[in-house]
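Novice: In case you want the letters, here they are:
Number of protein chains: 2
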Amino acid sequence: MKALALGKVYQLLEPGPVVLLTTARGGRANVMTMSWHMMLEFEPPLIACVCSGANYSFEALRATGECVIAIPARKLTAKVVKVGNSTGRDTDKFKAFKLTPVAAGQVQAPLIKECFANIECKVVDRAMVNRYNMFILEGVQAWIDPKQKNPKTIHHHGYGKFAVDGATITLKSAKA
Amino acid sequence: MKALALGKVYQLLEPGPVVLLTTARGGRANVMTMSWHMMLEFEPPLIACVCSGANYSFEALRATGECVIAIPARKLTAKVVKVGNSTGRDTDKFKAFKLTPVAAGQVQAPLIKECFANIECKVVDRAMVNRYNMFILEGVQAWIDPKQKNPKTIHHHGYGKFAVDGATITLKSAKA
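If you read the protein sequences in the order shown, they are chains E and Z. Residues 1 to 176 in this note's numbering are what the first sequence lists, from first letter to last. Residues 1 to 176 in this note's numbering are what the second sequence lists, from first letter to last.
Rather than coming from a laboratory, the hints here were simulated on the basis of the structure. Don't take each hint at face value.
[Said to hold, decoys possible] Cβ-to-Cβ under 7 Å is the rule here; a few derived chain E residues that face chain Z:
hint	residue
1	E14
2	P15
3	H37
4	M38
5	M39
6	L40
7	V50
8	V81
9	N85
10	Y132
11	H156
12	H157
13	A163
14	D165
15	G166
16	K172
[Claimed, not checked] With a cut-off of at most 30 Å between alpha-carbon atoms, the simulated DSSO-like pairs for lysine-lysine come out as follows:
hint	chain 1	residue 1	chain 2	residue 2
17	E	K98	Z	K172
18	Z	K82	E	K175
19	E	K8	Z	K82
20	Z	K75	E	K152
21	Z	K2	E	K161
22	Z	K175	E	K75
23	E	K172	Z	K98
24	Z	K152	E	K79
25	E	K75	Z	K8
26	E	K8	Z	K152
27	Z	K8	E	K161
Small disclaimer: the values here were computed from a predicted structure and weren't measured. Here a beta-carbon is modelled for each residue, glycine too, at the ideal position from N, C-alpha and C.
Only chain E is shown next, with the shape it has when bound in the complex (with noise of 0.2 Å):
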């Protein structure tokens, strides 16, 4: 994996792809979907994301302030389904579904090796946990995948329904 510069972190969460956020607590790993996750500013990037208190990752999440998200490209997506329809609580999903967890530089959750961008991210506010289950992340250090050329990502339309990216289409915008 190569590193990218945090400040292009938001070209590729601002198009709302499903992504996995793994975390790291006692020694073990896990991985959840998300699709709720938005950013909230450009660099150092920051981001917004809900994990459910239903979720085995929340208290991960919560007790140690890291994650990585990682985005998935289209051939993942039975993965990203059987990911999101399981719990850590009871299975090794990195285990159970091929998944490959690689050492982050600044978190002690793991970069997964499969998807073609990873970021590694810690809790910097809180103040939003209780009341929506909203944690705000700062992107540390960013990585991607020069062998996945134009990934096409996924976005959720709810109940395993998938858009998956198609053509693109480039105008002149005086802003990012």
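Keeping the supplied structure of chain E fixed, place chain Z upon it in accordance with the hints.
Specialist: Below, chain Z without anything else, positioned relative to chain E:
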């Protein structure tokens, strides 16, 4: 336009489409382009969004506590970029870009006729406005245009580059 159950609003926003946000203040309507939004709760639908203090819409949203999130399909991409590259300070964007305002049911901000979905929203939490320009909205009424079949939304990758929805994948999911 046809009423949409509020419990289905998340299916529109969770996939991360670029949206238009309308406001109305002192009888004057305005519209901006927005990509930084996420779902917070299914029903009633709670939506977090970032409206930069640099945007003319920011003051209208803060003062009135009302807006409409209108979702454009692919054919409106050029207008979406024009809306994003101009400001309501000196431009009546509805007139300039031939967008048709339609009276909403519960808010002063207008619906946009050309959009395939419109969500009337009220600001319900301002605790994060000062720190992140983040507003928490509740969707109070939603509309879809049944004449626009299978609308393809657009997803912003920065600097006027958009991915358009392509193929649809449906897999068995145990969850929403």
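Novice: Against which earlier hints does the structure fall short, listed by number upward?
Specialist: none
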